[in-house]
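Both chains are sitting in their own frames, so use the hints and assemble them into the complex.
Quick mapping for you: the protein sequence lines, in order, are chains R and L. Following the numbering used here, the numbering of the first sequence begins with 1 at its first residue and continues without gaps. Following the numbering used here, the numbering of the second sequence begins with 1 at its first residue and continues without gaps.
By construction, these hints were calculated from the structure, which means they are not laboratory data. Yeah, the Cβ is synthetic: ideal placement off N, Cα and C, and Gly gets one too. Keep in mind that the hints are not guaranteed to be accurate.
Claimed, not checked - Below, a list of computed lysine-lysine pairs in the BS3-like style, where the Cα atoms sit at most 27 angstroms apart:
| hint | chain 1 | residue 1 | chain 2 | residue 2 |
| --- | --- | --- | --- | --- |
| 1 | R | Lys297 | R | Lys18 |
| 2 | L | Lys224 | L | Lys283 |
| 3 | L | Lys224 | L | Lys402 |
| 4 | L | Lys485 | L | Lys338 |
| 5 | R | Lys18 | L | Lys39 |
| 6 | R | Lys287 | L | Lys204 |
| 7 | R | Lys284 | L | Lys39 |
Unchecked claim - Now the in silico label distances, taken between C-beta atoms and shown as ranges:
| hint | chain 1 | residue 1 | chain 2 | residue 2 | range |
| --- | --- | --- | --- | --- | --- |
| 8 | L | Ser64 | R | Thr86 | 32 to 42 angstroms |
| 9 | R | Asp92 | L | Asp22 | 49 to 59 angstroms |
| 10 | L | Gly438 | R | Glu194 | 51 to 61 angstroms |
| 11 | L | Arg348 | R | Asp92 | 49 to 59 angstroms |
| 12 | R | Gly219 | L | Gln242 | 32 to 42 angstroms |
| 13 | R | Asp41 | L | Gln25 | 14 to 24 angstroms |
| 14 | R | Arg197 | L | Gln242 | 17 to 27 angstroms |
| 15 | L | Arg232 | R | His330 | 50 to 60 angstroms |
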Amino acid sequence: MIFWVLPNSGLQTVSHLKSLLSEFEREHPDIRVELAVLTRDALWRRLFEFQRQPRRAETGDIVQIPHYWTALFARLGIIDPLPEFTPKSCLDEWIEPLRPHCLLPGSSDIYSVPWWMDVTALHYRTDHMRAVCGNGSAAFREWDDVVRICRELARKFGGGNYFPMENSNLRGSVNLRDLLPSIWSRGGDIFNTECTRAVVHREEALRGMEDYLQLLSGGHMPLLRERGSLGTMLEGRASMTVSRRLSQSLLPENDEFEVKTVPLPGGLYGAHSLLSSYNLALVKNAKNRSEAAELLKWLVRPAQQAMYCRMIHAFQPAAAEFEQFIFSSHERMRTYSEIVAGARALPNVTVCGTYVEILDSALSRIAIAVARGSYSSGMLLQEMVKVQVEMDYLLSLYGE
Amino acid sequence: MTTHPTEVLYKYHKELNRPFADSRQMLARALELMAVNLKLDQACFFSWEPEESLLSLRLVWSGSDAMDLEEDIAAASDSPLRAALESGVICDSAQLDYPAIYIPLRWPGAGRSPAGRQPLADTARLGALRMERLSKSRPFTERERELARGLADELEQNLAHIELDQFTREQLGRASALNELTAVFASSLRMEDGMRLILQGIQKYFGFDRVRLYLVNQAERKLKGELSADARGQVRSLAHEQIPLQPGVHRFADIVLGSVSGDTVADKYRDSVVYLPLTVQGKSEGLLIVDNLLSQQPIMQEDMLSLSSFAGQIALAVDNAVLFDRVQELSQYDELTKLPVRRYFTERFHEEMYRAERFNQPLALIWMDVDFFKEINDSYGHQAGDVALREIGRVILSNLRKIDFPCRYGGDEILVLLPQSKAEEASAIAARLSREIGDIKIPAPFSKTEPLKISVSQGIAAYPGDARTADELLARADEALYWSKTHGRGRIAFYGEVFGAKNHKPPAK
Numbered sequence: 001m002i003f004w005v006l007p008n009s010g011l012q013t014v015s016h017l018k019s020l021l022s023e024f025e026r027e028h029p030d031i032r033v034e035l036a037v038l039t040r041d042a043l044w045r046r047l048f049e050f051q052r053q054p055r056r057a058e059t060g061d062i063v064q065i066p067h068y069w070t071a072l073f074a075r076l077g078i079i080d081p082l083p084e085f086t087p088k089s090c091l092d093e094w095i096e097p098l099r100p101h102c103l104l105p106g107s108s109d110i111y112s113v114p115w116w117m118d119v120t121a122l123h124y125r126t127d128h129m130r131a132v133c134g135n136g137s138a139a140f141r142e143w144d145d146v147v148r149i150c151r152e153l154a155r156k157f158g159g160g161n162y163f164p165m166e167n168s169n170l171r172g173s174v175n176l177r178d179l180l181p182s183i184w185s186r187g188g189d190i191f192n193t194e195c196t197r198a199v200v201h202r203e204e205a206l207r208g209m210e211d212y213l214q215l216l217s218g219g220h221m222p223l224l225r226e227r228g229s230l231g232t233m234l235e236g237r238a239s240m241t242v243s244r245r246l247s248q249s250l251l252p253e254n255d256e257f258e259v260k261t262v263p264l265p266g267g268l269y270g271a272h273s274l275l276s277s278y279n280l281a282l283v284k285n286a287k288n289r290s291e292a293a294e295l296l297k298w299l300v301r302p303a304q305q306a307m308y309c310r311m312i313h314a315f316q317p318a319a320a321e322f323e324q325f326i327f328s329s330h331e332r333m334r335t336y337s338e339i340v341a342g343a344r345a346l347p348n349v350t351v352c353g354t355y356v357e358i359l360d361s362a363l364s365r366i367a368i369a370v371a372r373g374s375y376s377s378g379m380l381l382q383e384m385v386k387v388q389v390e391m392d393y394l395l396s397l398y399g400e
Numbered sequence: 001m002t003t004h005p006t007e008v009l010y011k012y013h014k015e016l017n018r019p020f021a022d023s024r025q026m027l028a029r030a031l032e033l034m035a036v037n038l039k040l041d042q043a044c045f046f047s048w049e050p051e052e053s054l055l056s057l058r059l060v061w062s063g064s065d066a067m068d069l070e071e072d073i074a075a076a077s078d079s080p081l082r083a084a085l086e087s088g089v090i091c092d093s094a095q096l097d098y099p100a101i102y103i104p105l106r107w108p109g110a111g112r113s114p115a116g117r118q119p120l121a122d123t124a125r126l127g128a129l130r131m132e133r134l135s136k137s138r139p140f141t142e143r144e145r146e147l148a149r150g151l152a153d154e155l156e157q158n159l160a161h162i163e164l165d166q167f168t169r170e171q172l173g174r175a176s177a178l179n180e181l182t183a184v185f186a187s188s189l190r191m192e193d194g195m196r197l198i199l200q201g202i203q204k205y206f207g208f209d210r211v212r213l214y215l216v217n218q219a220e221r222k223l224k225g226e227l228s229a230d231a232r233g234q235v236r237s238l239a240h241e242q243i244p245l246q247p248g249v250h251r252f253a254d255i256v257l258g259s260v261s262g263d264t265v266a267d268k269y270r271d272s273v274v275y276l277p278l279t280v281q282g283k284s285e286g287l288l289i290v291d292n293l294l295s296q297q298p299i300m301q302e303d304m305l306s307l308s309s310f311a312g313q314i315a316l317a318v319d320n321a322v323l324f325d326r327v328q329e330l331s332q333y334d335e336l337t338k339l340p341v342r343r344y345f346t347e348r349f350h351e352e353m354y355r356a357e358r359f360n361q362p363l364a365l366i367w368m369d370v371d372f373f374k375e376i377n378d379s380y381g382h383q384a385g386d387v388a389l390r391e392i393g394r395v396i397l398s399n400l401r402k403i404d405f406p407c408r409y410g411g412d413e414i415l416v417l418l419p420q421s422k423a424e425e426a427s428a429i430a431a432r433l434s435r436e437i438g439d440i441k442i443p444a445p446f447s448k449t450e451p452l453k454i455s456v457s458q459g460i461a462a463y464p465g466d467a468r469t470a471d472e473l474l475a476r477a478d479e480a481l482y483w484s485k486t487h488g489r490g491r492i493a494f495y496g497e498v499f500g501a502k503n504h505k506p507p508a509k
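Bound-form chain L, shown alone (with noise of 0.2 angstroms):
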């Protein structure tokens, strides 16, 4: 050795205090300089875990480049190895046959641990340094023992800065992605979009391997799955999966009852895969469940805590999710009937108009009218008169396929469209719908007669033969509708039979 040692560490300093992108290359370079003013054939990197006994190679300097390589040593516990880390005086290789020294290294931890340990913030980080002189004839004198130790010592303090650097700029990196989260979330209004951006954001920003999203069905007292997003961001729909909200069903179930005991997270898999309660003021809205576990990287606890302070809110989007898919559907469907409300249906009808024009295809249009309804309000009560309004709502949905569209037009009027439907077809399910509100029992209030019957007067016209444009339609089935009225009530009318020139046939009776 030349140079005086405060020099060498004076240099070693300056160069370990240049900026690096990342510990790696920063370890590299120390490893060089090392191995530059000791002499080294080989200088290397390991980390030290006493509680598995093992050091694990980390990083190589050997000739002229940094690698890494892997080499595992079991630190006995009756070792001097074992003795000499623990105590973190240098000491030398009991296994090689030419010079070689650990020095063991400690550096504060920055507080990056896995999600299912104890936070590591206040703990050291332990490792060790491997010297190695290849030639047996250059053993390590006391002062180039003294100098590694003070190049160590240069090492930790590097180590911890550059570590807490990283974790400074990553915690920054998680406070903005939040901050986005915060506007995917608040946007998140309709249920079917809102689940898919927050899934999609959860995943753009924390990059877990596998978001799920399984939501609370009270009434029917169940968790139901709604949707996971995989690495690559792709949505898929879990509807297939159904828990029952009982405990000890099913792990899912319980985690949304608290009846797990302790952690949430099994023991197994307790560093790939967190389960994140969503509830709003204290009900319970649904589980939100990450993992790692195709990758195998551990969650560190970090993202897990800003998750975790950002399930309220993700819990409060669902929650509006929801409310806003609610408020539609009231706005779209009669609360009495449940049918469709006339301007939902006016929108469809026009698309279904516009379809049956393009593609060609008939179109059917059924007008229906409850007979002598004014007379059952006035003489039974309005109730009398919501309950048959129901009732016949209830038929007309069992009743219908599901290309079909009823709606409330108003009052006790109800159009039922038909897509893909000739005027016969349309005539067989107003038979069917006209025999079973005929079928339709309604208990007289207040009376101990037989309860009330109600029957409809019924109007049809078809697209193309009737009518060319949607209003033309409307208005052809009403004339059909007003000639069943007109003709004795509880019938049905073609407008095609009635109104048209050609194989006039009597109405169905």
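Isolated chain R (complex conformation) (with noise of 0.2 angstroms):
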């Protein structure tokens, strides 16, 4: 059986799996996972190489997707149904907002189950914030207060390969999940509420880009470098990272210095992070698929769940544990009650998986571009305009 999986932890990704699954294998004796580790563009390929060769191409038995993929390739009849699975009986389990994300629209039928999930938040050393804020408690009331902190820290620590704030992307560069929250909070959004009509290049939308964008343009965050070459808050050559993992995966082993985590910047509209879940599926027509099923239905119990996604750093998706997860120290209640309350995430529309595509593709001209010294508002303005219009056409082909 392959299962397809995202490099949900990076290099580790195949260590990590292999150490969960060694039990599934013990528990099945004969069932054998074979993993193949895709980066994101790489699975959308191979999932449409899938739908148009289904007897040439590779494919795997079960995949790992992103939640907003759902609706696509169950509408394109890549990913099977699952009647393991039915809203009565599982759909409450999960926490509301990753509910819709499991369903084919307009149906009740599941067809992916959430993994695992994240949310975005700001974290940061509070002895490095210590010795630009006095008592290393800093409030971040908008992207601009950001900003104001990098160039301090930068004063202060600068040189080298320091850049105040880290860059959590995988890429190296910048992609739409990056910039959503900052969207959100300027009161911009990519589809209109009825997710009829493309508004990215609305201004609202455009000036929540910039907002994150001048992090890179400003030169706060590396872009574009040499993997090992980024400045990381474990080695002190960053103070600050917005990211979606849980801010263990930051901490030194020797308590030597300590993260604080915040809710991102908000503005006129409140400050929004952005909740994603990565779902599992069954390929159509799957060549073992009651194995994968079995492999399915293994992964997404409460106790497996948990112990991958401590190894990840990441969130369990089930309400109960995420609950459990938000109580467990008063801090923690606090921060994250206030993440949680603005948490957002995409919606799980056909053309949504499409979207992110032309979206990331057009941010990764522009990351280009800003490497280069070269990005201006007015180039923004144009890719966006030409991403609306691609997307409102599409929008008018595949909308809901």
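Below you can see the structure in the form of structure tokens.
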């Protein structure tokens, strides 16, 4: 059985999964799981290839997908419904915002189930912050506050390979998922309320993007550099990061410093964070369907989910476990209740995956321009107008 | 390094020349062997896009596994990395603080390129390897760099071979798909089935997100939407899309009219949309549009060329289907009155009779005859008779419901089948027809007298009251018509009234 996964924990993805799956293989000695780690782009391409040439293209039996791909791949018949899960029996188990993302819109058939999730927050080293803010506790009301603190941190710690803000983007670039919280906090969005039009070119969305992009254009965050050279908080070559994972991943083993987690800066429209879940689905006509279904059911058991989420510093999507996490400490409850209150997810509509692809391509061109020093607000507007035109056309064809 | 470099290279060469399923599998093996032979902690393969100055990570070998990971590196025009990539020499990483070297790669492209771009057949593919040792105390020696270059050279050759093999396999697949498509096109005779088969065939063999077909209607000067097939092969009607065939009105019309300059593909969508005008002997038949907008995957130039070379055949198949429908129409409809012919009527009559019996519904039949038709022909010529019949056909077609079925039964005799109608309803329709036919004015040739006026006699019979079978119903309507003709013409006679024992009333005049 082939399991297609995203690089959930970078270079450690395979070792983490092997460790997790060793127990499954002990329980099911007759089932052998072969792992293939694919990037989001490669996975997207391969799923479409599989649809085009179902007999020729090699495919996974079980596949990990971002939640907002469910509608598209269910509609295209690339993933199968999961009769093992029924809305009545399990939908209530997961936190509320993730529930629609398991279904084909307009039906009650479950096509994917949440495996783990992440929520954006801002984390910073209290020792570094103390050097610029006195008591080490920083409050970021707006993105301009972040930029101001970055400047102060650069003055204090700058030089060498130090960047005030660590770039948590896996590619070392920038994508839509990085920008969404700042777009939302300016009152912007990528879809209108009914998801019938693209509104990414509107002023509020552009201003939100610029809020985040100024970290890159101002040189406060590394961009398009060699991965090993990216400054990390752990090494002391960064002081803050906007990350979707838990702060544990940023902590040193010897308690040398503390990391504090706070909501992302808000604005007139409040602080928002991006809630994403990574779901598991079965590929249509999977060669080893029953084995794949067995693995899927096993992976989403609370105990296994907890084990894997601990390994990769992610959150459990089960409502009970997530609540337990939030209420495990007073500090955490205060921080995360605020973060979760402002958390939003991408909608589960057919064109959402395509929209993210198109926007990420545009943002990749913008990142190159920033790195070259040729970026301007005009370029951002031009790129987003192109995206909006293309998306409106796609929505007219594939809108719900 | 204990083994001699030549021996390492020979073993590496042998290993990479084993069969692999695809280039990723071969690359994974190559990176693994590099890591083993050069004692690397990580070996990475990047693609290099000089236009964007971007190195993009494709595959990493780390520890004991190959993984697709993401990493983009901007190689600015003044950077040592850029200079190394352009000159093909090995360079050390300037950003990493542990030993890491970049080895530029260059191998011949196998010909694949997106549809909207220049062919890459003669241009090289570019990439780079990054070899990493995480310990600062193990820098790369000159000898190791030489070996690394040797391993990279061998990899370049293997990449070229495997990509060429893959390209050849794809070309063979395409050739066999085209063969099968030829058979599909050749068998597509009926218009509706034909279009469906053509679109599904293209979807099956090329696998685009969507294929759309528009046909030119020269009479109406319009480009009319026909069908659209999606990625699942599901076909939908595009009948709601009608585009005036005038320059500047719509991009599709411009493409069909040939008034789009240069490339027919909009720049914005140049990689993911292809427009194929369909022409037969220089005449525009329609437009085929394929797109990959949903998947955002580029349409490969080879696919576009294969499809283009087939555009003529597709156009011919479409033309054949249109002609076939026209022939069908001619064989089913009377050229003069535009009414269905007797053979077609007989088929439908039996179907309707079956339906009436099965669902216990009424069915009425009007048999109509033009009064003094022979005299019209003899006195005013056959042209006047033809005009009379054509006008009667027009009146009948414009006065019936969709479910009614008229026919030119022969000569000047016309039948009208009225499903779900009783004799009373048939009577109202017959009266309306009689009135409207009476209003027809036919110019009398070679005469300055008043226009010629015509009338019809009609006989009506109804199921189940007058008859139980199709033949009986015909016979009863004929008998009623005969009664009408023998009782003064221009009349409507109901079989049930004129021949029925009960409720006998004088027929309507």
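Tested hints:
no.: 1; hint: R:Lys297 to R:Lys18; in the structure: holds (17 angstroms)
no.: 2; hint: L:Lys224 to L:Lys283; in the structure: holds (16 angstroms)
no.: 3; hint: L:Lys224 to L:Lys402; in the structure: holds (23 angstroms)
no.: 4; hint: L:Lys485 to L:Lys338; in the structure: holds (25 angstroms)
no.: 5; hint: R:Lys18 to L:Lys39; in the structure: holds (24 angstroms)
no.: 6; hint: R:Lys287 to L:Lys204; in the structure: holds (21 angstroms)
no.: 7; hint: R:Lys284 to L:Lys39; in the structure: violated (42 angstroms)
no.: 8; hint: L:Ser64 to R:Thr86: 32 to 42 angstroms; in the structure: holds (40 angstroms)
no.: 9; hint: R:Asp92 to L:Asp22: 49 to 59 angstroms; in the structure: violated (43 angstroms)
no.: 10; hint: L:Gly438 to R:Glu194: 51 to 61 angstroms; in the structure: holds (58 angstroms)
no.: 11; hint: L:Arg348 to R:Asp92: 49 to 59 angstroms; in the structure: holds (57 angstroms)
no.: 12; hint: R:Gly219 to L:Gln242: 32 to 42 angstroms; in the structure: violated (56 angstroms)
no.: 13; hint: R:Asp41 to L:Gln25: 14 to 24 angstroms; in the structure: holds (19 angstroms)
no.: 14; hint: R:Arg197 to L:Gln242: 17 to 27 angstroms; in the structure: holds (25 angstroms)
no.: 15; hint: L:Arg232 to R:His330: 50 to 60 angstroms; in the structure: holds (53 angstroms)
Against the hints set out earlier in the document, violations occur for numbers 7, 9, 12.
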